[in-house]
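S.K.: If you want the building blocks of each chain, they are given just below.
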Amino acid sequence: MNKLYLWGVIITAAMLGATYLSVGMSKGGLNGDIVNILAVTGAVALVVITVFVVIKYVRQMQVDQATGELADESWDNIGEYKNPVPFGWAIMFLGTMIWGMWYFIIGYPVDAFSQIGQYNEEVAQKNAEFEKEYADIHGERLVEMGESVFLGECRVCHGIAADGIDGKAANLNVRLEAKTVKSVIENGSNNKLLGTEMPMPDRNGLFNAQTGALITDAEINAVAEYVANGMKGNEAGANVFANTCASCHGPDGKGMEYVAPNIAEFTPSLITNVLTHGKKGAIGKMPALDKLNAKQKEAVAAYIISLSKGE
Amino acid sequence: MFHWLEKHPFFFAVGVFVAIAFAGLIEILPNFAQASRPVIGTAPYSTLELAGRNVYIKNSCNACHSQLIRPFKSETDRYGHYSLSGEYAYDRPFLWGSKRTGPDLMRVGNYRTTDWHENHMKNPAAVVPSSIMPAYSWLFTNKADIDTAYAEQLTVAQFFSVPYNKPVPMKDGLTKVVKMGKSVAEAHALALEEAKKVVADMKDQDVKDAVARGEIPEIVALIAYLNSLK
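So the sequences go chain by chain: E and C.
Residue numbering for the first sequence follows this note's numbering, starting at 3 and increasing by one per position.
Residue numbering for the second sequence follows this note's numbering, starting at 7 and increasing by one per position.
This is chain E alone, in the form it adopts within the complex (with noise of 0.2 Å):
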């Protein structure tokens, strides 16, 4: 046998120990694990496949001889037969090429990943979860859901109570206070909270039906305490408000569709028109909160409207 076999034999052993030794005293061994079992086998097809390959070409070194018509060209007064290229060769060159192109003009991901694309994705499946999460949610969840939407977003000018911090912003605990009913008859409004309504006059424009004059100061007064006191109390501002107010607000203050707002509490429509519109009053402005979607503003709606309940 020629020496090469056997040295040849001899490394195939020797790494097929080792391997055997390596397996076998590791803790669990081949455990009878699929996965353990062809990682071994690999190893071994591997070391056996190897040992087989070099040898050949160790033997083709030994005993081959050149034959053939050299090439003109010489690299480094190194020659080349003019062979012909090998088949398979041949045809694995093509095939890269024809793949080459394919993946050029068809195959290449241009739309496989993108960080936008993966928000995109991200967006729609939280806001799927949330429809179907709240779909019909109502009642006492609604208004717990308000109360966290509250917290994170209106929080921070209405304050943890929601009584404006000191009049840094409107108090929700109440529909509305003297002071912001005297800035809307003085300066009128047009904040859109119905979506739809004409825009409310100033004080230019707001007569007293009864005396057929322009809305005096005193009569301000008295309409803005007996709107803020949740309209009672104040007779004489009980008077100006049927006959100033009462034309558009109706006479319990409760607003007209298309027409005025309701004044004497708050409604869903009326909250989710500030949240989209914004709001420019007595305080300040409101900036719009139209990042909220529809859900959450509802739920802000009855938030609000549980505290102006005192519940």
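Think about it this way: if two alpha-carbon atoms lie no more than 27 Å apart in a straight line, the pair counts; the simulated DSS-like pairs of lysine-lysine are:
1) C/Lys203 <-> E/Lys282
2) E/Lys281 <-> C/Lys182
3) E/Lys282 <-> C/Lys209
4) E/Lys287 <-> E/Lys256
5) E/Lys281 <-> C/Lys236
6) C/Lys236 <-> E/Lys293
Because the hints were derived from the structure by calculation, they are not lab data.
As the structure is a computational prediction, the values presented were derived from the model and not from experiment.
Following the hints, complete the assembly by docking chain C onto the known chain E.
M.R.: Frame of chain E; chain C shown alone:
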């Protein structure tokens, strides 16, 4: 040619570098140039806003507040649309920040108002009880540096063709013209005019009096800048 290159490894390496660098340039540069153009709705800073921006930098607001909204739902829910590179086209330097001790301010103009900022700068804990931000009371007395802001405007208008006094497209389909004065005096007048609009929504009487006298406290410039962040 190729024989020569094969015999000169150094020049061969140079040739390889040039080929790859050229490929990189034509791949990267056009896209980069496109993405860094201002997006519709991004307008240059006015003189007062730029002075406010300098106040922002001077007080190291960017050490605690980032101006970069990442594309995650948790961020866009809280801060608004994720940031686009074109939105920083007029930021020199950009103020992305690398740490959020406080919230992101990229679009703070959308959800905070002049009077809120005023209350907040005087005493942050009064509006946000858990806030650890210190009060910035000196902003109410220090005067904003309009001269520097105007010098910056002149520079960027000349060297980077920032479109001052030119219509820029806005999101609603209209255009907006950001004015820049022709002289220092005119720049001061424009800044004061803008400051008066801001001060109309403020409560602090000393600040109101200062603006009425023609002075511009830093707080006014800063609020103008914060309101412009949208």
